[in-house]
Amino acid sequence: MTDRSLSSLYRRLAAQSRDGLGDLLDADTLVAAAAGSLRGDRRDEVAMRLARSEVQTDLVRLLRELAPAAQALAGEVSGRNVAAHAREGRGLRHAIRPRRHNGLRWAGLAACLAVTLGAIGLHQQRERAREAEIATKLEAAARPDRIFTSVDRIFSARIDAAQAVGDGLFRSDFNGS
Amino acid sequence: MIAKLAAVGEHSAPVAPSPHMTGPHDSVDARLAQVLREFGNRLGALLQGYRLDRHGIDPADIEQEVRIRLWRAIERDRSGAFHASYVQKVVATTVIDALRRAEVRAAEPLPEDDDEPGQLPEEGAGPEQLASDGERMGGLQRCLGEIPERRRLPITLHLQGFSLQEIADVVGTSAEAARKLVSRGLDELKSRLRELGYGEFDD
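Protein sequences, first through last, are from chains A and B.
Numbered by my numbering, the letters in the first sequence go through residues 1 to 177 in order.
Numbered by my numbering, the letters in the second sequence go through residues 1001 to 1203 in order.
For the record, the hints were derived by calculation from the structure and aren't laboratory data.
No experiment lies behind these values; they were computed from the predicted model shown.
Note that the Cβ used here is the ideal one computed from N, Cα and C, for glycine as well.
Some hints here could point you the wrong way.
[To be verified] Listed next, with one range per pair, are the computed distances between beta-carbon atoms: (1) Arg39/A / Arg1184/B: 22 to 28 Å; (2) Glu1075/B / Ala119/A: 53 to 59 Å; (3) Ala84/A / Val1104/B: 38 to 44 Å; (4) Glu1075/B / Ala114/A: 51 to 57 Å.
[What the hints assert, rightly or not] Here are a few chain A residues that sit away from chain B, every Cβ distance over 10 Å (derived from the structure): (5) Arg11; (6) Ala34; (7) Trp106; (8) Cys112; (9) Leu113; (10) Val115; (11) Arg128.
[Claimed, not checked] Partial selection, computed: residues in chain A whose CB lies under 8 Å from chain B: (12) Glu65; (13) Ala69; (14) Ala72; (15) Ala107; (16) Gly121; (17) Gln125; (18) Ala129.
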């Protein structure tokens, strides 16, 4: 009886023309094909190679169906690793904690506080001294304006006297000299 | 401890005992071993379902090898996240390795044993049938070659057994677009085969 199934005929054709397993894709590509995350520039090439290979087609489809189980396993392992990390972290903190030198630790803290307060006090004292110095300088610099003083040349009595002589040009007896 | 390792790879798994597996964290490890066992069972079922033994590999061997590789990876790196894609990659690598080993075995000549009775050729297609098949395969190849690549790829993936969603993911399109490409492509292919005198075909 003649097989009229195109699928069957095509698979036999693909199996016949296949040259061993030399055309096998690498594991990363097969996983990406199963996850639908192939790079755009590789899609056609990978599709062509998958279409020629029954075993790779089976493997990609198997990986696709296996994905939920792989996800569950990966989640379990990651959860365990996180828990192990937390335990190790706690153990490390316990290991480095100095239990027998509590007095020394408080003395150190008090010394730090004293040094800090001293530094702040010194800084404030210096600020006050500088402000006083600036105030003194400002006071020394505050002298009367020369412009409005009686010794000012513009408003002095001598200039007024000279101007009081009057302009010769507008006098009726002006003769050009 | 030995019981736990045996549970991970049901056959005698050559996994060295680890100091991490003792003490108060045994329950966590037991849970992990259980999940790993379930994963192995699922993998075994799929390997059998897809009949990968047709390609000369033993599903039970693959399942055990995957469990061992995964357990080693889990024990080796206990610091970071464990990704599902890594698990998938371990499976793919193990299957590819097994396929390559099977190919090498197939290429090696079988030892001659005169005592064994010679195997009779399997009952199958006769010469006429083979000639007819060869002719139709040639026609199919020719017709596929005449179809533009954009439509040819989805058709060939479909004929190879991919579902529409799988075709869409591989080719990078929507399932609906893949359905149209496959449907029109198959119609075109059948029409060409009919015109060349190969008669009617089913999908």
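Going down the list of hints, with the structure as the test:
| no. | hint | in the structure |
| --- | --- | --- |
| 1 | Arg39/A / Arg1184/B: 22 to 28 Å | holds, 27 Å |
| 2 | Glu1075/B / Ala119/A: 53 to 59 Å | holds, 54 Å |
| 3 | Ala84/A / Val1104/B: 38 to 44 Å | holds, 41 Å |
| 4 | Glu1075/B / Ala114/A: 51 to 57 Å | holds, 53 Å |
| 5 | Arg11 | violated, 7 Å |
| 6 | Ala34 | violated, 7 Å |
| 7 | Trp106 | holds, 36 Å |
| 8 | Cys112 | holds, 36 Å |
| 9 | Leu113 | holds, 40 Å |
| 10 | Val115 | holds, 41 Å |
| 11 | Arg128 | holds, 57 Å |
| 12 | Glu65 | holds, 6 Å |
| 13 | Ala69 | holds, 4 Å |
| 14 | Ala72 | holds, 7 Å |
| 15 | Ala107 | violated, 39 Å |
| 16 | Gly121 | violated, 50 Å |
| 17 | Gln125 | violated, 54 Å |
| 18 | Ala129 | violated, 58 Å |
This entry does not satisfy hints 5, 6, 15, 16, 17, 18, going by the numbered hints stated previously.
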